[in-house]
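With the hints as extra help, turn the sequences into a complete structure.
Protein sequence lines, in the order shown, are assigned to chains B and L. Going by our numbering, the first residue of the first sequence is number 1, and it counts up by one from there. Going by our numbering, the first residue of the second sequence is number 238, and it counts up by one from there.
In short, the hints are calculated from the structure, not lab data. Predicted model, so just to flag it, every value in this text is computed and none were measured. Any given hint might turn out to be false.
Partner residues aside, some chain L positions facing chain B, computed with beta carbon under 7 Å [stated by the list, open to error]:
#, residue
1, L242
2, I255
3, L257
4, W261
5, L262
6, K263
7, L264
8, V268
9, Y297
10, F341
11, C346
12, A347
13, P348
14, Q350
Ideal Cβ positions, reconstructed from N, Cα and C, are used throughout, including at glycine.
Residues per chain are reported as follows:
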Amino acid sequence: MKAFHIIKEHIILPRRSISVTAQRNDLMEFFDDKNNWGVQEVKTGRSWKVEELRLKSNSDLHKLWYILLKEKNMLLTMEHECNEKMIIFPSPERIDKVEESMENLEAVVRERNKAYHLLETGENGERPEKITNNAFGLQHVYKESEYAIIPKHMNEEWLRKDSYRASGKDLRDFLLKYKEKVFVENKKKKQRDFNHVCGLLKRFPNMDMEALKEQYPDVDIEKAKNSKRSRGHFVPA
Amino acid sequence: MSTRLYPLYQKGGPQLRIFLPNFWLKLIRPVHEQPPNIVQFACSMEMTKHDIKNYLEKIYDVKVAHVRTRIALGKTKRDIVKGYITKDDDVKLAYVTLPKGETFVFPDCAPDQSQQAKDEHDKALNETKKGYQTFLEKNKQRPNMPGWFRV
Chain B
1 MKAFHIIKEH
11 IILPRRSISV
21 TAQRNDLMEF
31 FDDKNNWGVQ
41 EVKTGRSWKV
51 EELRLKSNSD
61 LHKLWYILLK
71 EKNMLLTMEH
81 ECNEKMIIFP
91 SPERIDKVEE
101 SMENLEAVVR
111 ERNKAYHLLE
121 TGENGERPEK
131 ITNNAFGLQH
141 VYKESEYAII
151 PKHMNEEWLR
161 KDSYRASGKD
171 LRDFLLKYKE
181 KVFVENKKKK
191 QRDFNHVCGL
201 LKRFPNMDME
211 ALKEQYPDVD
221 IEKAKNSKRS
231 RGHFVPA
Chain L
238 MSTRLYPLYQ
248 KGGPQLRIFL
258 PNFWLKLIRP
268 VHEQPPNIVQ
278 FACSMEMTKH
288 DIKNYLEKIY
298 DVKVAHVRTR
308 IALGKTKRDI
318 VKGYITKDDD
328 VKLAYVTLPK
338 GETFVFPDCA
348 PDQSQQAKDE
358 HDKALNETKK
368 GYQTFLEKNK
378 QRPNMPGWFR
388 V
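The structure is reproduced here in structure tokens:
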């Protein structure tokens, strides 16, 4: 019994270890760890993925945001100082990693916000947008915002800046020519892509067709294969 | 406190709260000498003095006595060859005064690496020299023969 007791005392139970960094609340938080001053490379992990962030609670995400924000400020400070001193900033990819993490975190928060609003109100809670025509009769996405309600004829700023809308023969002529220009550009691009694919098939007849199809979805690969342009300079077997 | 669009405040509505501020703030070495209790920052263009004060007090837990800001004009340069003009981005600078009795000294966080770089260069050079010696050693028995030649 005693032996069992001794064993029990010395057993290390599997416990999830929590790593806690010492919290420093002063201006030195704007600088990297002293061990990383003047080194050539700082080894770091990857950025946070969307799938991982989806598993976290709202309060965890809130905490993580501030950690990432402080990290970004620290990296920007260090980068600025290195640029001032004409030194290479070690591992600049850290900034990209932090920014990617922040983007992913915001995407997850937005997802949750949308789901909540759809459930509660039937609308997604995003900033409303609508497609309108601009002064030249071309379509563009107009992002709506809240404003004090003034009748249009009394809104002097709107009348001065945004009320003009082209119309009549001028607009019709402009749109006709503009559309023709876009059409010709698209047609040229299509032909150019087709020719390029033919050239690729000529040089690399055994290339990965799936990848080719993925990169040039508008090109008819079968047609390109049969084209005269894709035939190599050899006698066909 | 952030660049996002928030609902307009209406009387009786809830107080505006910012959960995910996306402003950046970097501590920079002052260009001109400053009193020991003044810290210079570069910040997002949209930040106001109140934003900077709140940012430092709420996120970094640093007490702030006073904030002044200015927008520094980016430098304009003319291309030597082609003659066109380019301009750097403007940047908003903040001069933050710490409370009485507190000082801040900008640390030497990017020490000069020239000696370290020289050491590494010497190391690589020595290794190359050593490699060349082994190459010569290998080809000693084959005079008047190019190094790439093999039977």
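Problem set entry | Interface hint status, C346/L versus chain B (Cβ within 7 Å) | Check passed: Cβ of C346/L comes within 5 Å of chain B, closer than 7 Å.
For this session: With chain B as the partner, please determine if P348/L meets the hint condition of a C-beta pair closer than 7 Å.
Result: 4 Å, holds
Exercise. Can Q350/L be said to touch chain B, with a Cβ gap under 7 Å?
Worked result: The hint holds - Q350/L has a Cβ within 7 Å of chain B, the shortest such distance being about 6 Å.
Problem set entry | Restraint check, 7 Å cut-off on beta carbons, for L257/L near chain B | 5 Å, holds
For this session: Under 7 Å, Cβ to Cβ, is where L262/L needs to be relative to chain B, so tell me if that hint holds or is violated.
Result: Given a least distance of 5 Å, the restraint on L262/L holds.
Exercise. Any CB of chain B closer than 7 Å to the CB of F341/L?
Worked result: Status holds, d = 6 Å.
Problem set entry | Hint check, A347/L versus chain B [nearest Cβ-Cβ separation less than 7 Å] | 5 Å, holds
For this session: Go through the hint on W261/L and say holds or violated, using the shortest Cβ distance to chain B against 7 Å.
Result: The hint holds - W261/L has a Cβ within 7 Å of chain B, the shortest such distance being about 6 Å.
For this session: Under 7 Å, Cβ to Cβ, is where K263/L needs to be relative to chain B, so tell me if that hint holds or is violated.
Result: Holds, about 4 Å.
Exercise. Given V268/L as an interface hint, is the shortest Cβ-Cβ distance to chain B below 7 Å?
Worked result: Because about 9 Å separates V268/L from the closest Cβ in chain B, which is outside the 7 Å limit, the hint is violated.
For this session: Would you settle whether the hint for L242/L is holds or violated, based on the nearest Cβ-Cβ distance to chain B being less than 7 Å?
Result: Status holds, d = 6 Å.
Problem set entry | Status of the hint placing I255/L at chain B (closest C-beta pair under 7 Å) | I255/L check fails; min Cβ-Cβ to chain B is 11 Å, beyond 7 Å.
When each numbered hint is compared with the structure, violations occur for hints 2, 8.
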